[in-house]
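Respectively, the protein sequence lines represent chains A and B. Just so we're aligned, residue 60 is where the first sequence starts under our numbering, counting upward by one. Just so we're aligned, residue 988 is where the second sequence starts under our numbering, counting upward by one.
Treat the hints as calculated values from the structure; they're not laboratory data. By construction, the Cβ of each residue, glycine as well, lies at the ideal position given by its N, Cα and C atoms. One or more of the hints may lead you astray.
What the hints assert, rightly or not - Straight-line distance between alpha carbons at most 20 Å, and here's what the computed EDC-like set of lysine to aspartate or glutamate pairs gives: (1) K1323/B - D780/A; (2) K1463/B - E814/A; (3) K1361/B - E814/A; (4) K1361/B - D780/A; (5) K1193/B - D226/A; (6) K90/A - E1320/B; (7) K225/A - E1190/B; (8) K1323/B - D91/A; (9) K90/A - E1190/B; (10) K391/A - E433/A.
Said to hold, decoys possible - Per label pair, the in silico range of CB-to-CB distance: (11) G97/A - Y1214/B: 49 to 59 Å; (12) I1357/B - Q343/A: 53 to 63 Å; (13) L1272/B - Q810/A: 44 to 54 Å.
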Amino acid sequence: MSEIIANKTPNPNSALHTASASYYQRWRLIKDLIARYGILIGGWGVIVAIVLIFFYLLYVVVPLFIPASAKSVAEYQMPAKEKGKTLLLAIEEQNEVAVRFTDQAQAVFFNAHTGDPVHTEALKIPAGLQVSSFSPESNGEGVVAYGLNNGRVLVAKYSYRVTYPKDVRVITPVITYPLGEQPLTLDSEGGALQMLALQVEENNATLVAKTATHKLKLLSIHQEKALFGEATVQSTEATLELVADKVGFMLIDKEQRYLYVVGVDGSLSLYDISDKSAPILKQQLAVLSAGQQVSSMDFVNGGLSLLIADSTGLVAQWSVVRDAQNNPGMQKIRSFKVSDDPLMKVSAEQRRKGFLTVDKQGVVGAYNTTAERELLKLPAAENLPEAFALSPRANAFLLQSANGAINFWQVSNEHPEVSMKSLWGKVWYESYPKPAYIWQSSSSSNDFEPKYSLTPLVFGTLKAAFYAMLFAVPLSLMGAIYAAYFMAPSMRSLVKPTIELMGALPTVILGFLAGLWLAPFLEENLLGVFIMLIMLPIAVLGFGLIGQFLPKTLRLKVPDGMEAMLLIPVIIGVSWLAFAISPMLEALFFQGDLRVWMKTTLDIDYDQRNSLVVGIAMGFAVVPSIFTIAEDAIFSVPKHLTVGSLALGATPWQTLMKVVLLTASPGIFSAIMIGLGRAIGETMIVLMATGNTPVMDFSVFQGMRTLAANVAVEMPESEVDSTHYRVLFLAALVLFLFTFVFNTLAELIRQHLREKYSSL
Amino acid sequence: MIIKQWLNSGSPWIWLNAAAVSTCLILVLGILGLVAVRGLGHYWPSDVAQIQYREKDGTQQVITGEITDHNEISAARAKDAGYLDADIGSNTTVEQVLLKIGNRDVGGMDFRWILTNNIQQSSYPEQLVVLERREWGNFYGSLLAVKSGGKNIAQGADAWVVAQQRIAAALEIHDDIKQLEKKQIGAVNYALDRLRLKQRKLELQKAWTDTAKQAVATEKAAYQVDYKRYQEQLKSLYAKANQESLVIKTGDGIERDIPIGKIVKAYQPNGMGIFTKIGHYFGKLGEFLSEDPREANTEGGIFPAIFGTVLMVMLMAVIVTPFGVIAAVYLREYAKQGFTTRLIRIAVNNLAGVPSIVYGVFGLGFFVYILGGKIDHLFYPESAPAPVFGTPGLMWASITLALLTLPVVIVATEEGLSRIPKSIREGSLALGATKFETLWLTVLPMASPAMMTGLILAVARAAGEVAPLMLVGVVKLAPTLPLDGNFPFLHLDRKFMHLGFHIYDVGFQSPNVEAARPIVYATSLLLVTVIVGLNLTAVTIRNHLREKYRALEG
């Protein structure tokens, strides 16, 4: 403050004054400099903002396309070697404790990182009996069965108890016997059980065994636990006819509805065992070509399809598909060429539709069935692999080699479900009759196969934009031509702000009116709308023509460029008339109800919230964008061009068509681009005015789901950093790119046009 | 001849083009009119009809309710829908009316379409009472008696007068309860929560000493004493409120006891004069603007939504103005016109054209999860795992919308700057002012109306935007306002309600869309009025500004 006062006080002799003055000058310059750089930063900030949006979206999306990776964490010798050969290797969810079940019916639990034994337990096999077969349950519930040489079977379950003494996680393995500690009798003849398949649930258990006499025996146990008191147990037995001569694998699905028996030579027999007392052999087919052998088999998570690995290194996915007559039958959905060597093991992930394979060379591969994507392929062991265990979270695996070494690998495989094909192509999903484009991102069930096809959403977006543009482009361009070229200036100064106001109306209000007012209105008055569409142009032209016949004195009373004013009552009147006569016409020609008539005669379904509603509502929102820019472009066509044309004898309309529109066409194009950009990104209107079902249907009477609406609906519920979340970001990125292209194009054209006009 | 000439002149095309303009005008005005009529009409206390109706099966029934809509449908469609029974002769259409019959707790639905053909007789008895209730919607019927503690205290003609007094008294009690619950108990709860966080913070800092323990414990005890006292008060108030009830008979003869504590308003519309009705209407309008919503937002007012919208928009304005103005000043005053400015203009245009939902996605991912997560990690470790800023809220909504409206401010300010004649800048510079001084003391003040225009347009845009807000902070029902009497008063981390989202939510997510419709129209009307008003102001300022500079140039 003092400097300013000093500066203002005229005291030229004071030394203080000059010092402070120069200080003040310096301060002024510094301020100027600071402002310069501040503003520079601010200006560039805008570019930074747009770049940031783009790169942030990209940053979230990119992990979707990064392949999986794995790293070896530990290698150690198999613990408790003296307890026998490994029949099953498994690892628990936290990847801390692993277990191997041996041919001596021992469960050896060991630390997965070090190989140190944690706990060893011998299963309760009655003395004097030998293990003749072994099978784990396929769905990862931790149930195993030992078949004995007297036709009996012992079912055990291993699980882990997690406790937190002193805030440290401690995992304790536990072995229980869900069907009792006494072995169950499967083969009453008492022969050794050669092969087993089982599925055990809380209340139902189904066991199937191949007996020494080459028969299949089925035992089903139904337990019902009353709220109080004893459990009642009910068991059913059956014998199945065995077709294959050399059975390689047997599996029962999760619902205990089908039994799959595959011969080593690839002959598959599908048994329907939903009626446990009377199983039926449903289908028989060869899943491999001659000379090949099945080497491993597993269910894809959910138990709806089978993975069959063979000796040529091919994994095929077979699923029960219903044909046109609704008959279930096995069909090959897809196959993966995994290796040139025979496969040793295929192991499905427990929570996703993925699987890992190991071939005879010890090469491990990770795949996803839906995405048909190879995510990983790496040599994990040097020796012939013997046993393989995939962690329930599919983020680690153990591989035991023939020399007894166990390799512990950690896998990072976050987003296997997404590939270019699963996003944009037709995918054959489980339980679908044929490949299809489907968006269905989530469901209550864990076994759900997520369907992330963006195609129906992009289709919906384009469809909505198409109908909106169909409504908006003629209306706004014709309006712009009239307003810029023919309209009286006094009226123009009123009309322009009104239409700009139309652009300011919140889209949520347009959407709400479209959904709650327009949709029911159209449903009731569909015919009226069509009649109106036909009658309006006729009436307008008729009105203009009649004007031509009026006496000149009367005609000249109407000032030039006020046609739009005169037409307002005409349009309102004609529209009213159209709706007034429509019930009569409907009764006359369409049996009283156009929609029913369309359904019965033309087989067109009518959805209340359909593309027509969206087209009108979103068209309404787009009109002002196009109108304003197009009008500007037409209006700013240099006057000497039009005047010159008129002077040469062209009519106003000829001048407009041949001179004005031609000159302004880039501007009009850019207006349409901007309008299209807006229609593509509009959210609330489509959200409210359509049923939001992601169908691919060209019909104007059907709804759609757009990218933007989809993001708005699903984003709040998606888990951060999940595949779904990232796919939604991808949808946003696609939207961003769409509009980026349109807007940049439009802006470049406009800038070019501005230069052109200034040179004219 | 004339026709041919007319066709050749291109005149038909001109007419068609004119028709396009007319259609646009009709559409705009029609929509505004539709919203206005539907939005304003709802609060008019329309008469309650008592209708003798012949049902489809031939039985006679008395239906009471307000007529809210009527239309004509074709006979065929009525037959398909299954409510046309009798032969209607040669008529091809039937007329039907929509009755708001209320009494949801008795009949299950509050709206019903009936055919005018089957109406035997309708009358408007004066003694019909409309009860607006806190739950179950309106109740229509005639008042029989007023009960207190199970005994009749008034009957017949007195009942109405007594009921009015009792309802007024009950409303006061209700206000007291609300005041206690929201203000006092709310404050205690808030303080207790802060105390819990303080304790957690001290624990994390390893400063949870005995003295600290003691201090927190005494404070806690004091609050708990308060809490007990308020609880006692509440209890007695509730006991008082639930003592009395009205006995009402519905049109079809069912008698119901309705606790007075549950009644918001009782009136007899058929007996009202025009002035009473006008008074009632404005009372209801005031209620709509100033009260909290009831019954899943389908009844009551929208005050929290208005408040949330205004607060969010104000915060946004504070953020967007400086950035927008600086960017515009850079473009117009500092940058050399060329490749850079071209690039920035393209960026600005793209920002304006990016779909709003993309801003929402960006806001959610970048602001909420990344920035918010970082803030929580650094400053609020004590409330983990509950997020403070790592969840959608007011602040993120404002910032996201500020980013969204930035282009609006930039474009408007730039236009204003471009209209300032060069001579003014040159004059200032010639007198020895630095560039910044020229800018600060002459250019910007002259451009301030333009900035104002930009700001108003930005506010109008932000007030109507919903899609991004759905992701970054709006909720259907916020228990507390983001601004209240508890320190630090402005709670930027809270979620808020918003008019636009309210329209979407009540209109489309509500369990009872038919009953909610009037509220949606009224809310829309309010929003439209605000936005149209803001836009008109901006246009006026802009026009005024143009005039001014034209004078300067001249």
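With the threshold set at 20 Å, check whether the alpha-carbon distance from K225/A to E1190/B stays at or below it. 17 Å, holds
L1272/B and Q810/A, beta-carbon distance inside 44 to 54 Å? 50 Å, holds
Hinted pair, alpha-carbon criterion (20 Å max): K1193/B, D226/A. Please report holds or violated. Holds. K1193/B to D226/A sits at ~18 Å (cutoff 20 Å).
Mind checking the alpha carbons of K90/A and E1320/B for me, to see if they're no more than 20 Å apart? 16 Å, holds
Is the hinted pair K1323/B and D780/A satisfied, with a Cα-Cα distance of at most 20 Å? The hint is violated at about 43 Å.
Are the Cα atoms of K1361/B and E814/A separated by 20 Å or less? 47 Å, violated
When you check the alpha-carbon spacing of K1463/B and E814/A, does it fall within 20 Å? Violated, at roughly 50 Å.
Mind checking the alpha carbons of K1361/B and D780/A for me, to see if they're no more than 20 Å apart? 16 Å, holds
What's the verdict on K1323/B and D91/A, does the C-alpha distance respect the 20 Å limit or exceed it? Between K1323/B and D91/A the Cα gap is close to 17 Å, so the pair holds against 20 Å.
Could you say whether the range 49 to 59 Å given as a hint is met by the Cβ separation of G97/A and Y1214/B? For Y1214/B against G97/A, whose Cβ atoms are near 51 Å apart, the range 49 to 59 Å holds.
So if I understand the rule, the pair passes when the alpha-carbon distance is 20 Å or less; does K90/A with E1190/B pass? The given pair, whose Cα atoms are some 47 Å apart, is violated under the 20 Å limit.
Between I1357/B and Q343/A, does the beta-carbon spacing fit 53 to 63 Å? For Q343/A against I1357/B, whose Cβ atoms are near 57 Å apart, the range 53 to 63 Å holds.
Consistency note: the structure conflicts with the earlier hints numbered 1, 2, 3 and 9.
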